[in-house]
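Colleague: Each chain is listed here by its residues.
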Amino acid sequence: MGADASDLSLVRRVQRGERGAYDLLVLKYQHKVVKLVMRYLRNPADAEDVAQEAFVKAYRALPQFRGDSAFYTWLYRIAINTAKNALAARDRNPVSYELDLQNQDDSSDMISRLKDPETPEGLALTEEIRDTVNHAIEELPEDLRTAIVLRELEGMSYEEIAASMDCPVGTVRSRIFRAREAIDRRLREVFDGGLGRTEELV
Amino acid sequence: MIQDEVESQLSAMFDGELPVTECELLSRRIDRDENLRARWSRYALIGAAMRSEPVATAPSGFARRVTAALYGDDKSRRQRGGRTMFLSVAVSATMVVTVAGLSISLLRDAAVVARGGDATQAAAAPVRAGAALQAVSAHAGVLAAPAVAAIRRGSNGEPVSYVTPASIANPNTALRTELADFIVAHSEYSTPLMRRNLLSALVSNEDAADNASAGVGAAGAPASSAPGAFDASSAASASSH
Chain Z
1 MGADASDLSL VRRVQRGERG AYDLLVLKYQ HKVVKLVMRY LRNPADAEDV AQEAFVKAYR
61 ALPQFRGDSA FYTWLYRIAI NTAKNALAAR DRNPVSYELD LQNQDDSSDM ISRLKDPETP
121 EGLALTEEIR DTVNHAIEEL PEDLRTAIVL RELEGMSYEE IAASMDCPVG TVRSRIFRAR
181 EAIDRRLREV FDGGLGRTEE LV
Chain R
1 MIQDEVESQL SAMFDGELPV TECELLSRRI DRDENLRARW SRYALIGAAM RSEPVATAPS
61 GFARRVTAAL YGDDKSRRQR GGRTMFLSVA VSATMVVTVA GLSISLLRDA AVVARGGDAT
121 QAAAAPVRAG AALQAVSAHA GVLAAPAVAA IRRGSNGEPV SYVTPASIAN PNTALRTELA
181 DFIVAHSEYS TPLMRRNLLS ALVSNEDAAD NASAGVGAAG APASSAPGAF DASSAASASS
241 H
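In the order they appear, the protein sequences are chains Z and R. Using the numbering used here, read the first sequence as starting at 1 and increasing by one per residue. Using the numbering used here, read the second sequence as starting at 1 and increasing by one per residue.
You can trust all of the hints, since none of them are fake.
Below, a sample of chain R positions facing chain Z; criterion: calculated Cβ distance under 10 angstroms: (1) D4; (2) S11; (3) A38; (4) E53.
Rather than coming from a laboratory, the hints here were simulated on the basis of the structure. Ideal placement from N, C-alpha and C gives every residue a C-beta, glycine not left out.
I would like the entire structure built from these sequences, with the hints used as guidance.
Modeller: Here you go:
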C-alpha cells in the first residue's frame, strides 16, 4: 500500500465516523500545511490560524471526498484557497496592522517576519532535521536503508518491497520499523538538544 | 517488548499496512499516548526530509487545537441539540397534556349535550330533583294531609312507596314542572319507554288534579287509588338502570 493508499485508508475510517483517524491525518500533514500556508501569510501566528482553518474545512468536506486524487493533493488545494481568502480578507481590512504598528516591539517583530518568512530558528531547525535524517539513513544497515528508501522515496507497498528484496512481508515491516526507530532516535536528540522540543510536534 | 510491538504497529499503520481491526485499537491508544502521537508526527517529518520536501515543525499543540476546534464544535452542537431536544420534549409534553385536558373537557360537554342538557343543567339536576321532592313533601304536608296519612309504610316505619297526592285542592303548576324536570334530569338513566311511561303518568296525574280542582273528583281520596298515581319509587328504580 502506497502513501496515497494509506491516507485513503485513514480517510475511509474518518468517513466511517472514526475521529481518531482524522487526528492522525492532522498529525501527519500539519508540518507540510503550516509550511505551505507560511508561503502566503508569512506571519507564523496567522499561518497557524489559517492552517487550522484549512484542516477544519477539510474535515467538514471529507464526506464528499471520493478519493479521485490523493488526500494531500486535495488538502493542499483547500489550504491554498484558505490562505488566499485570508490574504484577501487581510487586504480588505488592513486596520489591524496599523494598530499593530503603534506597538513598537510587535511592529518590529512583524516587519522582520514579513521580510524573512523563515525565522532563523526555523531555518536552523529545518537544516538540522534534514542533516540528521540524512546522516541517520547513511548509518543504517543496507537492508534497513533499502527498505525505508523504497517505502518513502519510491512509495512502494510492503508487498512490492518484499518482492523486490525477496523476503517476507513481515520482514519488510520489521526492517522499515527498525529503520524509522534508528532515524527517530537521532531526531529526538535534536529536539531534546534545544532546537526544538518533542512535544512541539504533537 | 509490548511497547516495541505497539511501535511496530504504529510504523505499519503509518504506511497503511496494518489490518483495520488493529488500526482501530491502535488509534484509541494513540489518542491517549502523547509519545505515540509525537512519534507518528516525527515519522511524517522523516519522510518529508528524505523527499527533500519543505520541512517545518508545526506549533506546539497544533493538532490538539484542530481537534478541539472540530470536536469542541460538535460537543457544543450536541449540547445545544440536547437543550433543544429537552425544550422540544417539554413543549410537546405540555401541549399533549393541554390537548388531552381540552379533549376530556370537550368530550364531557359533548356527552352532556348529547344527553339533552348542558353541564350546568347536569350539575343542577340533582339539586332541582331534591327541591322537587321537598316540594312534594311540603305539598303533601300542607295541602294534602289526608293523602300523606294514606302513605303505606313498611314494618320499620319507612314508606313502602312515595305517592304523590291524587287530589290536590289547589294544584300547583310549579310543582308539576319541577316533577317534569326531575324526570328529564334523570332521563339519561332511563330507557325511552320508561321515560314515556313516567311522563304519561305525570300527565294523567295532572288531569286527575285538574278534575279534582273542578269538583269532579273527591277531595281527600286516597292517593294510592288515584288512576294516575305517580310512584316516585318507580322513578328511582328507573334511574337505577
